[in-house]
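Single-letter residue listing:
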Amino acid sequence: DAGVIQSPRHEVTEMGQEVTLRCKPISGHDYLFWYRQTMMRGLELLIYFNNNVPIDDSGMPEDRFSAKMPNASFSTLKIQPSEPRDSAVYFCASSFGGMTRAYEQYFGPGTRLTVT
Amino acid sequence: RKEVEQDPGPFNVPEGATVAFNCTYSNSASQSFFWYRQDCRKEPKLLMSVYSSGNEDGRFTAQLNRASQYISLLIRDSKLSDSATYLCVVKRRYFNKFYFGSGTKLNVKP
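Line by line, the protein sequences are chains A and B. Mapped onto the numbering used here, the consecutive letters of the first sequence carry residue numbers 1 to 116. Mapped onto the numbering used here, the consecutive letters of the second sequence carry residue numbers 1001 to 1110.
For reference, chain A alone in the conformation it holds in the complex (with noise of 0.2 Å):
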């Protein structure tokens, strides 16, 4: 089975550049999550998805990021504009929320993201 897919694996961009990442949960999974993951400060859930409508998006760190999930099967985090301080690699995470193995998270590879 496909695990979860992101893209692209990594991006380099310039300040104040416009940034998309991708993922692709796997078939089936009800939540999608979207995480980033820094030295400093570890894993920090940045939104997650039930059925495609945004549940919490408290984590976001301000209005230049945005996630949406048209359908099932794929999702974006956008940041516009892009800061130096947005350097970090973000990861995309599904998982099913019935009864049996609920809540286990498998995560996508992960976008690594640099910005100058």
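It should be emphasised that the hints constitute simulated quantities derived from the structure, not laboratory data. Note that CB positions come from ideal geometry on N, CA and C, so glycine has one too. Hints may contain errors.
[As the list claims (entries may be wrong)] With a straight-line Cα cutoff of 20 Å, these simulated SDA-like cross-link-like pairs (lysine to any residue) come out:
1) 1042/B - 38/A
2) 1109/B - 1053/B
3) 1042/B - 114/A
4) 1042/B - 88/A
5) 1042/B - 37/A
6) 1042/B - 42/A
7) 1105/B - 39/A
8) 1091/B - 68/A
9) 68/A - 1097/B
10) 1097/B - 106/A
11) 1091/B - 54/A
12) 24/A - 1091/B
13) 1105/B - 1024/B
14) 1097/B - 104/A
15) 1097/B - 11/A
[What the hints assert, rightly or not] For the chain B half of the interface with chain A, some residues (derived, Cβ under 7 Å), not all of them:
16) 1026
17) 1043
18) 1044
19) 1046
20) 1091
21) 1094
22) 1102
Model the placement of chain B on the given structure of chain A, informed by the hints.
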């Protein structure tokens, strides 16, 4: 106070040793508990869920102590390949927010 706290380590142990990590959580309404491992520059991978009665998967044993609000992970007969950072994850009841600990680094040496 952080939701989830872990000793960052590193724990340096020889091959074949038994090592245990604890993870404390602050909210008594926490419902679900997990251990993940993360290799350097890789994504976190689910190691095991932690059940109320405790559970074992091969050389790995996870326990939950609700009274003292901590979970533990025991690794027996450590292998070189066990070297990684182990993340404790807690989910609150009624909310689908997951809180990650900062991780405990394990180095297994020959």
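Each hint, compared with the structure:
1. 1042/B - 38/A: 13 Å, holds
2. 1109/B - 1053/B: 32 Å, violated
3. 1042/B - 114/A: 16 Å, holds
4. 1042/B - 88/A: Given that 20 Å is the threshold and the Cα spacing comes to 13 Å, the pair holds.
5. 1042/B - 37/A: 11 Å, holds
6. 1042/B - 42/A: OK: residue 1042/B and residue 42/A at ~13 Å, within 20 Å.
7. 1105/B - 39/A: At roughly 13 Å apart (the allowed maximum being 20 Å), residue 39/A and residue 1105/B satisfy the hint.
8. 1091/B - 68/A: Measuring from Cα to Cα gives roughly 23 Å; hence the hint is violated.
9. 68/A - 1097/B: Measuring from Cα to Cα gives roughly 18 Å; hence the hint holds.
10. 1097/B - 106/A: Satisfied, since the Cα-Cα distance of roughly 15 Å is no more than 20 Å.
11. 1091/B - 54/A: 18 Å, holds
12. 24/A - 1091/B: Not satisfied, since the Cα-Cα distance of roughly 23 Å exceeds 20 Å.
13. 1105/B - 1024/B: The hint holds at about 16 Å.
14. 1097/B - 104/A: Roughly 12 Å separates the two Cα atoms, so the pair holds.
15. 1097/B - 11/A: Not satisfied, since the Cα-Cα distance of roughly 28 Å exceeds 20 Å.
16. 1026: 16 Å, violated
17. 1043: 4 Å, holds
18. 1044: Holds, because the Cβ-Cβ distance from residue 1044/B to chain A comes to roughly 5 Å (cut-off 7 Å).
19. 1046: 5 Å, holds
20. 1091: 6 Å, holds
21. 1094: 12 Å, violated
22. 1102: 4 Å, holds
In this structure, the earlier hints numbered 2, 8, 12, 15, 16, 21 are contradicted, and the remaining ones agree with it.
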